[in-house]
Amino acid sequence: METNFKNIHDKFKIRGVHYSKEHLLQLAYNFVKEGATYEQEIGKFLHQWLDDNDFVEVNTSGSTGTPKSIKISKQAMVNSALATGDFFGLKPSNSVLHCLPTQFIAGKMMLVRAMVLGLELDLVEPTTKPVFDVEKGYDFCAMIPLQLENTLQDCDQIKTIIVGGASVSNALKAKIKNINPHVYETYGMTETVTHIALKKLNNFRHAELVSASHFKLLPNISISTDARDCLVIDAPKLSKEKIITNDIVKIHSETEFEWLGRFDNVINSGGLKLFPEQIEAKLQNKIQSRFFMVSKPHETLGEQLVLVVEGSIDSIDASAFSELKKHEKPKQIFTLHTFIETASGKIHRKKTLELANRL
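The sequence shown runs 1 to 359 under my numbering.
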């Protein structure tokens, strides 16, 4: 029998208290009227979840275009929660830490997972360094990379942490290599009702090292690629239509793929196809300021590689590019005092480059 979005699991708790549907509505009302800002967002979502509609309105992050509001089926969100629960073996009464902003899909899904799977949810303010009970054991938590970076010393009692919303740097991967929690990077977007695949980042068994760079699909997901080599997602329990992405991937099996970069960002320079994200990964430990690689038109190459840095060029050491291949080295370097960001805090590459070109 299919789990229905109208039902609240009898083991579901918020801050140690079980709420029926009626009492959860009252809690939502109290959060909106009297709660802290992050609790008000939780209250607004709970009102949406408990109304008579079979969908909720969700804001996209705007990382690949203008932020917009889209309608997502509540049943699709339930199905996503069930898939995550199955992947990680989450059981009723497992404890969960919620430290993400609820105005975006990842924060909403933490609440849905708790209501659907019967989890005991602790709510804390979604700051870049969340404050939580470090002595309490948590079975599951979702964070953005910066939150994980800032709370590494506090995470020993968390069993599993999923990380998304931005790429995980090589420096952070090195720091989490020997921590207790099992950390997974997520792949997904608002349209896929948060993640549809996960990549383990630490605590590897020997056999897992072979596929350490691969994302593994959640249940009931199948994938293919289009003529651009971009990922096409077939997830009938999440979306009625196939989702065509702009992410160039290499498919390794029916359940595994490797992410190479964004089609929008690929640079064709002198006949060579360059993936900015892969070059950026090589520079992550070399440049202290925020930066990204883009292209500019070039008379003979077609496109040339350009580095855009936030702050002063003094933040770049002369040896920063020593490990790059010849064609990976930027032909120009632009600096900007402050990067333009999307609504969710990601770097808006296109608008930032447009600003740099005007200076």
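Fair warning: there could be bad hints in the mix.
Here are the simulated PhoX-like pairs of lysine-lysine, each with C-alpha atoms no more than 25 Å apart in a straight line [what the hints assert, rightly or not]:
| hint | residue 1 | residue 2 |
| --- | --- | --- |
| 1 | Lys-250 | Lys-273 |
| 2 | Lys-21 | Lys-68 |
| 3 | Lys-240 | Lys-71 |
| 4 | Lys-91 | Lys-240 |
| 5 | Lys-71 | Lys-346 |
| 6 | Lys-286 | Lys-177 |
| 7 | Lys-346 | Lys-68 |
| 8 | Lys-175 | Lys-237 |
| 9 | Lys-273 | Lys-240 |
| 10 | Lys-242 | Lys-216 |
| 11 | Lys-286 | Lys-237 |
| 12 | Lys-21 | Lys-44 |
| 13 | Lys-71 | Lys-44 |
| 14 | Lys-237 | Lys-273 |
| 15 | Lys-91 | Lys-68 |
| 16 | Lys-326 | Lys-346 |
| 17 | Lys-329 | Lys-346 |
| 18 | Lys-282 | Lys-175 |
| 19 | Lys-21 | Lys-11 |
| 20 | Lys-331 | Lys-351 |
| 21 | Lys-21 | Lys-74 |
If you are wondering where the hints come from, they were derived from the structure by calculation, not from laboratory data.
Legend entry - Restraint status (C-alpha distance of Lys-329 to Lys-346 at most 25 Å): holds (24 Å)
Legend entry - Pairwise hint evaluation, Lys-44 against Lys-71, where the allowed Cα distance is 25 Å at most: Holds: Lys-71 and Lys-44 sit about 15 Å apart, inside 25 Å.
Inset, instruction - Sort out whether Lys-68 lies within 25 Å of Lys-346, counting only the CA atoms. - result: Measuring from Cα to Cα gives roughly 15 Å; hence the hint holds.
Inset, instruction - For the pair supplied as a hint, Lys-282 and Lys-175, confirm whether the alpha-carbon distance does not exceed 25 Å. - result: holds (16 Å)
Legend entry - Proposed proximity, Lys-237 with Lys-175 (alpha carbon, max 25 Å): Outside the cut-off at roughly 36 Å; violated.
Legend entry - Satisfaction of hint between Lys-346 and Lys-71, Cα-Cα up to 25 Å: holds (23 Å)
Legend entry - Hinted pair Lys-91 and Lys-240, Cα distance within 25 Å: violated (28 Å)
Inset, instruction - For the pair we were handed, Lys-91 and Lys-68, check the Cα-Cα distance against 25 Å. - result: Given that 25 Å is the threshold and the Cα spacing comes to 34 Å, the pair is violated.
Inset, instruction - For the pair supplied as a hint, Lys-331 and Lys-351, confirm whether the alpha-carbon distance does not exceed 25 Å. - result: This hinted pair holds, its Cα atoms lying about 20 Å apart.
Legend entry - Lys-21 paired with Lys-11 [C-alpha distance capped at 25 Å]: holds (13 Å)
Inset, instruction - Please work out if Lys-326 and Lys-346 have their alpha carbons no farther apart than 25 Å. - result: violated (29 Å)
Legend entry - Restraint check for Lys-21 with Lys-44, where alpha carbons must lie at most 25 Å apart: holds (15 Å)
Hint compliance for this structure: hints 2, 4, 8, 9, 11, 14, 15, 16 are not met, and every other hint is.
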